[in-house]
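Dock chain B against the given chain A, drawing on the hints supplied.
There are 2 protein chains.
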Amino acid sequence: MSDVRSITIIGAGLVGSLASIYLARRGYDVKVFEKRPDMRDKSIDGGRSINLALSNRGWWPLKEVGLEHKVNEMVIPMQGRMMHDTSGILTFQRYGQEGQAINSISRAGLNALLMTEAERAGAEIYFNCSIEHVDFERNVIHYTEGGNKKEHVTGILMGSDGAFSMVRKFMQVTDRFNYSQYYIEHGYKELTIPAGEDGRFRLEKNALHIWPRGNYMLIALPNQDASFTCTLFLPFEGERSFEQLATDADILDFFKQDFPDALEQMPALLEDFHHNPTSSLVTVKCYPWVKNKTLILGDASHAIVPFYGQGMNSGFEDCRVLNALLDAHKDNWERVLPEFQQLRKPDADAISDLALRNFIEMRDLVADENFLLRKKIEAKLQELYPGLWIPLYSMVTFQEELRYSEALRQGQRQQKIMDKVMEMPSIADRWQSLDFQAIVDELKD
Amino acid sequence: MSDVRSITIIGAGLVGSLASIYLARRGYDVKVFEKRPDMRDKSIDGGRSINLALSNRGWWPLKEVGLEHKVNEMVIPMQGRMMHDTSGILTFQRYGQEGQAINSISRAGLNALLMTEAERAGAEIYFNCSIEHVDFERNVIHYTEGGNKKEHVTGILMGSDGAFSMVRKFMQVTDRFNYSQYYIEHGYKELTIPAGEDGRFRLEKNALHIWPRGNYMLIALPNQDASFTCTLFLPFEGERSFEQLATDADILDFFKQDFPDALEQMPALLEDFHHNPTSSLVTVKCYPWVKNKTLILGDASHAIVPFYGQGMNSGFEDCRVLNALLDAHKDNWERVLPEFQQLRKPDADAISDLALRNFIEMRDLVADENFLLRKKIEAKLQELYPGLWIPLYSMVTFQEELRYSEALRQGQRQQKIMDKVMEMPSIADRWQSLDFQAIVDELKD
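Protein chains in written order, with the numbering used here: chain A, -4 to 440; chain B, -4 to 440.
Please note that a few of the clues may not be correct.
Note that identical chains are pooled: a pair holds if it fits in a single copy or bridges any two copies.
Stated by the list, open to error - In silico DSS-like cross-links for lysine-lysine, where the CA-CA straight-line distance does not exceed 25 Å: (1) Lys280 - Lys145; (2) Lys370 - Lys200; (3) Lys325 - Lys26; (4) Lys184 - Lys286; (5) Lys411 - Lys371; (6) Lys288 - Lys26; (7) Lys286 - Lys439; (8) Lys286 - Lys144; (9) Lys144 - Lys164.
It should be emphasised that the hints constitute simulated quantities derived from the structure, not laboratory data.
Extracted from the complex, chain A is given alone in its bound form:
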């Protein structure tokens, strides 16, 4: 397989486009098959465009392919969480240390940039091409383009076709393919806080806003047009659920009671609510990721829930790691493919589990006194011992050289230590006089 020249990528989404930049630059003949029409032909609808949180793991590969400056112009840094309680009182909590931030960015805008860059690097993107079948033995893709059946032979095939990947679908029916898809009980609906009349942001611009309400929450991320894209995460069924929000009165009552300050900023709430779909949230795990000369990556092999803001970042990290392995093994795909999946699978599993857990933290714990105190103590530990104690959120979000699986492991050790600290009598009053050195020393055991 070291004589591979042609690579076919299924899906020109964020991960497929970034992978095609790396691979075209390595000199491969890269073809990308995308099911949808070219998104760059349409004006991008700012209101409905989902925004994502780009953080260090995503930045690294973007820098490697030289897109740092262009992307920089597209982002709004968010230094922390702004929590809104039911009476409208705000609490700000930094994500990391001074200068550290996650970055709100439009999915559509970033995807368009990556596609254009991929083409500039020599990749060819074929739009309106739907995969019908994959033959893993002969490395043939059967697809339709405008209703016409076609086939295409390739050296290496990569499926970066998302959580509902067709490439994976054909892997799934091969022997000994482990697979799970698991939906959480919550759905989500996108809503909008438009720009203020004077073109200003109606809420603090450089923050991710959260209205944590126990079993559910509303969040808002800033857009460059001074609007916010809000997402309501709510169970599909049950006492407080989408099912219960049947009439306009139901919706308005719910927002009045739970999100009164957000409601004031949402003139088009009812319109948005009825117009936008209620979507589900899935976690996909599978293994192997490689079948002969086919590899799946990004959401296709590890779709996760959005609560750690790591879906795109982990997919971009896949691309960076793949490129590094190609460097290390001089493009010997026979070594790269198995090593890639062995290396990345534990990291994908780690961020998958972390993302599920972070939903509980976001919707619930962020409004909890004990949780806030724990964060304060951890921040103090980090301040005193910067290289030794790094809160889990920071390891995942800002320590791009640390593997997700290592971050999880270290986080678990720290959690055990902090659990003990939090059990100390009247910890709320006396936390400042804790023996911080002794706490950090426990990490050495």
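Okay, now just chain B, sitting in the frame of chain A:
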């Protein structure tokens, strides 16, 4: 849905055939679509026919449909496990109490009987019909029969089409369908111990033979023609694995070392080994099992590994429970379908997990001194307090009125108590003088 008249069942395997007997007897117009040709047209190959272990949960529904006597003529009772060590020393371990046994039966023979009985009850079985698509909204099945595309509308649709169910495959792509398929690292291969020259059984007839060897094992179940069907369970890869058994010498060496007494009884070992496939073992879990008017049951909704001998038994129990709910709700399917899945899902999950765990017990613990002692103490407890302490294996296998989920729960409580008992110093010497009353009393907490 209380005016349902027509029911279509996909798959005329064991579960589909039993379900069609129940439903045809209730007066429904039952059609069964089976992918394969009619197995009754061919002579049934005794050697290659897998045999199954029929136990109480399977007997109950067979009795309900009046097949007790016919099936009784087809079985060989196995009262316990006969363990073979590497020097050929045998240890017998009863499965339950006097008169309790599990029953070796040929899958093909039982399936043929059930099909014939289903037709007698009025069900129509259409062979060589492959499902191409299921429309859950309109309750339409698209299928091919001898290359011709056809469609069929039905009142209720049931998928009993096995671990690789097509009906489930179409459910899987609907929103919010949770699904997992998980393969264990072991494969299996069927082998044969033929009848002795005088037509006698070469090993003890009324036992399930096990050659437990730590990470792998060989088992043998008796057939009515005095042969035994053996199954070798072995990892696909690794030190002792199918991968390592490449040549005739490899195979013979392996058997000589690990299964010398079995090897003596296997004149066609090499032929069997090369001819029979190495198959994989999958656990499938999913939810929901109902989509509009379609229900999946048996392996289609809960395929399990074979190590508790409960795959067929749990599928038959599905049929019995479904029939009982139809009785209880006067054939109101709108109530029966949701109640069936809510009731059965925890039981399917329980037996699924138990089956995975029992592999470890079979291949490993049965040869362990401590395990045998634990079994002895539990048997004593059952003897002294028959209604109060029932070993987990007995609850699962012989207590057909106890739900699997309850058996698992009760088993976990007993395990905790037994763990403590086994920790007592010199328990091996003094177990007969234990305070058994005190042990049983712990169950009351």
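- Message: Hints numbered earlier in the text: which of these fail when held up against the supplied structure?
- Response: 1, 7
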